[in-house]
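Protein chains: 2
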Amino acid sequence: MKFEYQNPTRMIFGAGTLLRLGEVAREYGNKAMIVTGGGSVKRNGAFDRAVASLDEAGVSAVECSGVEPNPRLSSVARGGEIARRESCDVVIALGGGSVMDAAKVMAAAVFYEGDLWNMFPHGQAARRLPTRALPIITVPTLAATGSEMNSGAVITDEKTMIKSFVGAKCLYPKAAIVDPELTVSVPPDQTAYGICDLITHITEAYFNGVDGTPVQDRFAEGVILTAMEYGPKAVADGNDLDARAQTQWASVVALNGWVQAGTLSPFPVHMIEHTLSAQHDIAHGAGLSVVNPAWMRFAAKTRPARFAQFARRIFGITKSDDMEAALEGIDRFEAFLRSIGCPTRLSECGIGDELLDRYAEDTLLVAGNAEGQLPGRPMMTKADIVEVLRAAV
Amino acid sequence: MKFEYQNPTRMIFGAGTLLRLGEVAREYGNKAMIVTGGGSVKRNGAFDRAVASLDEAGVSAVECSGVEPNPRLSSVARGGEIARRESCDVVIALGGGSVMDAAKVMAAAVFYEGDLWNMFPHGQAARRLPTRALPIITVPTLAATGSEMNSGAVITDEKTMIKSFVGAKCLYPKAAIVDPELTVSVPPDQTAYGICDLITHITEAYFNGVDGTPVQDRFAEGVILTAMEYGPKAVADGNDLDARAQTQWASVVALNGWVQAGTLSPFPVHMIEHTLSAQHDIAHGAGLSVVNPAWMRFAAKTRPARFAQFARRIFGITKSDDMEAALEGIDRFEAFLRSIGCPTRLSECGIGDELLDRYAEDTLLVAGNAEGQLPGRPMMTKADIVEVLRAAV
Chain A
1 MKFEYQNPTR MIFGAGTLLR LGEVAREYGN KAMIVTGGGS VKRNGAFDRA
51 VASLDEAGVS AVECSGVEPN PRLSSVARGG EIARRESCDV VIALGGGSVM
101 DAAKVMAAAV FYEGDLWNMF PHGQAARRLP TRALPIITVP TLAATGSEMN
151 SGAVITDEKT MIKSFVGAKC LYPKAAIVDP ELTVSVPPDQ TAYGICDLIT
201 HITEAYFNGV DGTPVQDRFA EGVILTAMEY GPKAVADGND LDARAQTQWA
251 SVVALNGWVQ AGTLSPFPVH MIEHTLSAQH DIAHGAGLSV VNPAWMRFAA
301 KTRPARFAQF ARRIFGITKS DDMEAALEGI DRFEAFLRSI GCPTRLSECG
351 IGDELLDRYA EDTLLVAGNA EGQLPGRPMM TKADIVEVLR AAV
Chain B
1 MKFEYQNPTR MIFGAGTLLR LGEVAREYGN KAMIVTGGGS VKRNGAFDRA
51 VASLDEAGVS AVECSGVEPN PRLSSVARGG EIARRESCDV VIALGGGSVM
101 DAAKVMAAAV FYEGDLWNMF PHGQAARRLP TRALPIITVP TLAATGSEMN
151 SGAVITDEKT MIKSFVGAKC LYPKAAIVDP ELTVSVPPDQ TAYGICDLIT
201 HITEAYFNGV DGTPVQDRFA EGVILTAMEY GPKAVADGND LDARAQTQWA
251 SVVALNGWVQ AGTLSPFPVH MIEHTLSAQH DIAHGAGLSV VNPAWMRFAA
301 KTRPARFAQF ARRIFGITKS DDMEAALEGI DRFEAFLRSI GCPTRLSECG
351 IGDELLDRYA EDTLLVAGNA EGQLPGRPMM TKADIVEVLR AAV
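Listed in order, the protein sequences are those of chains A and B. For the first sequence, the residue numbers in UniProt numbering are 1 to 393. For the second sequence, the residue numbers in UniProt numbering are 1 to 393.
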């Protein structure tokens with residue numbers, strides 16, 4: 001293990017903490033841009049409560065609404081323009097992963113010179129990371145991405161339908177206000193996709209990280225076991241606030257770096273899925289639910305012992321043969337995803353097998369290494385990616 | 001769960017990272033005060049390598065040596081005086097928990113007005129937390145306290161022989177350089193005490209935290225299981241660098257707040273132990289090894305289910321009766337401590353039963369609440385503390 005880790009975000013967690021938004025925002029500015037999505041925060045009252053809290057603290061607010069799922073570069077540019085024009089000095093993301101990711105990049109767009117897409121790796125074009133951003137406060141309304149307490153964002157360029165990732169120090173939120181009450185109105189399907197998303201953040205590093213990280217392994221297993229215990233309760237009864245809180249805390253730690261510290265892991269399943277949700281209107285978590293089990297069966301062939309550890313520690317599988325244990329574990333994992341209502345086949349998402357080559361090519365365009373392979377364990381060629389996707393048809 | 005968490009410390013982990021000290025220190029200052037303990041870093045070459053790294057980066061250094069185990073207020077005052085007199089602008093702690101704790105308070109002492117002991121709670125005197133400190137860089141040479149990545153310090157006032165704790169935002173190190181190679185020369189007994197120390201940080205919150213923290217429970221169990229797997233290897237062969245690295249990472253996460261986030265836990269076993277090591281020349285980890293099993297047997301009577309969970313998840317105990325499982329788990333835990341060479345009786349530390357009342361009174365003086373009880377689950381009276389200590393005679 002050899003690594004660096006730093007995460008300066010201040011985490012404020014608990015039911016009712018939305019009421020502290022104004023007090024917290026006041027530490028960073030006087031005029032906030034509130035970034036929102038499709039309007040659910042208007043319907044459930046969260047937006048009004050946020051504005052009231054800001055108002056009480058003497059922070060004025062303008063809104064940048066309508067950030068779409070799989071947020072687009074043009075939306076980010078629009079938000080940056082609003083923040084600049086309105087002289088906002090703090091950006092508040094009130095929404096799910098798409099809203100938080102978009103808001104982070106908007107906060108950096110205010111200072112970024114040139115084409116915003118240059119922040120993101122894409123094909124041969126050089127990448128120039130953002131180095132400065134307005135202070136960001138995240139207020140997640142969904143337990144899923146972990147974006148509230150990390151420095152990453154995923155944006156889609158609608159011209160090329162390429163989805164890409166940026167991670168930069170200036171994108172760490174100053175504060176994350178994580179109020180599980182905001183998630184009680186999330187419908188069962190979106191709740192389930194969020195659970196799949198958070199678990200996949202964990203499995204990526206568990207299966208693709210470096211060897212010799214036993215603490216991180218145990219942390220990873222702990223998050224998965226907790227998500228599998230409380231996630232179904234949140235799906236079954238959205239008003240179960242304890243289940244919502246435990247699921248949401250699991251989603252925070254699943255991608256704030258605590259579990260992955262030192263694993264130095266690529267995220268191949270995410271890279272493949274991004275290609276799907278860039279081209280098709282599917283939820284990221286649903287796409288992951290399709291790709292991950294298929295990828296696991298592919299990868300288990302090269303590292304059965306690792307997948308057997310997963311099977312034994314998560315599902316208590318007792319088979320002594322590693323490969324048999326591994327495959328039973330993956331079956332059980334896929335069955336869990338189905339049990340909470342996640343799709344595990346492309347066809348369930350309305351995606352056929354016509355464009356498998358294109359998905360693989362796009363994946364490698366964004367995330368391929370110099371040898372044209374997708375980093376992970378094992379490294380994947382275009383043919384490997386197609387094989388995984390074909391297994392998920 | 002309702003809590004706040006923030007930890008800005010930059011963690012640099014891995015064998016050989018001591019070589020980066022100069023580069024890192026240069027970000028914070030030009031003249032460093034290096035705080036050291038009894039001289040082991042001189043004998044094993046770490047001090048010279050640290051100075052060479054600083055020198056190469058253009059950072060000059062003065063030394064504050066001789067910080068004793070269970071560091072004293074007078075040493076802290078001396079260090080603050082050196083830093084002030086020499087116009088140091090960064091403080092580097094090169095040593096174990098005592099050195100790191102002392103260095104943190106020295107860095108704050110430079111700016112603190114009035115009696116340094118006022119930083120610490122002690123009896124009726126009001127506490128005034130430090131609000132400013134020189135930049136601190138920790139370079140631990142022992143896997144134990146977790147002080148390298150948190151904002152706490154424990155200091156003994158030699159006039160009263162009271163040991164007390166301070167935690168303040170300004171005491172977070174700017175960076176922690178955690179190089180497991182620095183721990184290979186730690187002798188087996190000190191290695192074992194460090195393992196007990198780190199595990200006790202975990203058990204405190206596991207048994208005294210609020211209900212309903214399942215992710216934190218799993219994290220806690222993961223750290224204990226890892227420490228129990230790799231710790232004995234580090235005791236048996238100090239040159240096993242992988243065992244040293246895993247043990248040290250376990251010690252970092254055992255007290256950087258990741259496991260305890262949201263548990264809002266008091267640390268009663270530590271509070272009782274501090275009284276012992278303030279009055280007797282024993283290692284903190286050895287004292288914990290004596291107090292913890294005795295405390296566990298006392299506390300299990302009020303919460304058998306919790307201790308049964310520990311027994312089942314850590315030791316795989318299958319007894320269905322909670323109390324029986326709990327007691328077997330505690331027996332197994334005590335046996336583990338003995339297996340790595342830790343004492344579990346006061347008499348093994350040369351401490352008799354003459355002063356049990358005094359230890360209990362001192363504990364309540366530092367850590368008692370308004371009702372004269374020691375916070376924890378259960379709350380403890382003076383008689384309870386004496387009962388625990390008597391069971392450990």
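For the record, the hints were derived by calculation from the structure and aren't laboratory data. All residues carry an ideal CB built from backbone N, CA and C; glycine is no exception. It is possible that part of the hints are untrue.
Taking CB as the label site, the calculated pair distances span [as the list claims (entries may be wrong)]:
| hint | chain 1 | residue 1 | chain 2 | residue 2 | range |
| --- | --- | --- | --- | --- | --- |
| 1 | B | V62 | A | S60 | 57 to 63 Å |
| 2 | B | D115 | A | S185 | 52 to 58 Å |
| 3 | A | T131 | B | D240 | 52 to 58 Å |
| 4 | A | G372 | B | E68 | 16 to 22 Å |
| 5 | B | E27 | A | D237 | 39 to 45 Å |
| 6 | A | E23 | B | E23 | 34 to 40 Å |
| 7 | A | L241 | B | R127 | 52 to 58 Å |
| 8 | B | G39 | A | G372 | 54 to 60 Å |
| 9 | B | D242 | A | T131 | 47 to 53 Å |
| 10 | A | R128 | B | P378 | 55 to 61 Å |
| 11 | B | V210 | A | T131 | 48 to 54 Å |
| 12 | B | D242 | A | D357 | 51 to 57 Å |
| 13 | B | P378 | A | D240 | 34 to 40 Å |
| 14 | A | L241 | B | G350 | 39 to 45 Å |
(request) Please name the hints from earlier in the document that this structure breaks, with their numbers sorted from lowest to highest. (result) 1, 3, 4, 5, 7, 9, 11, 12, 13, 14
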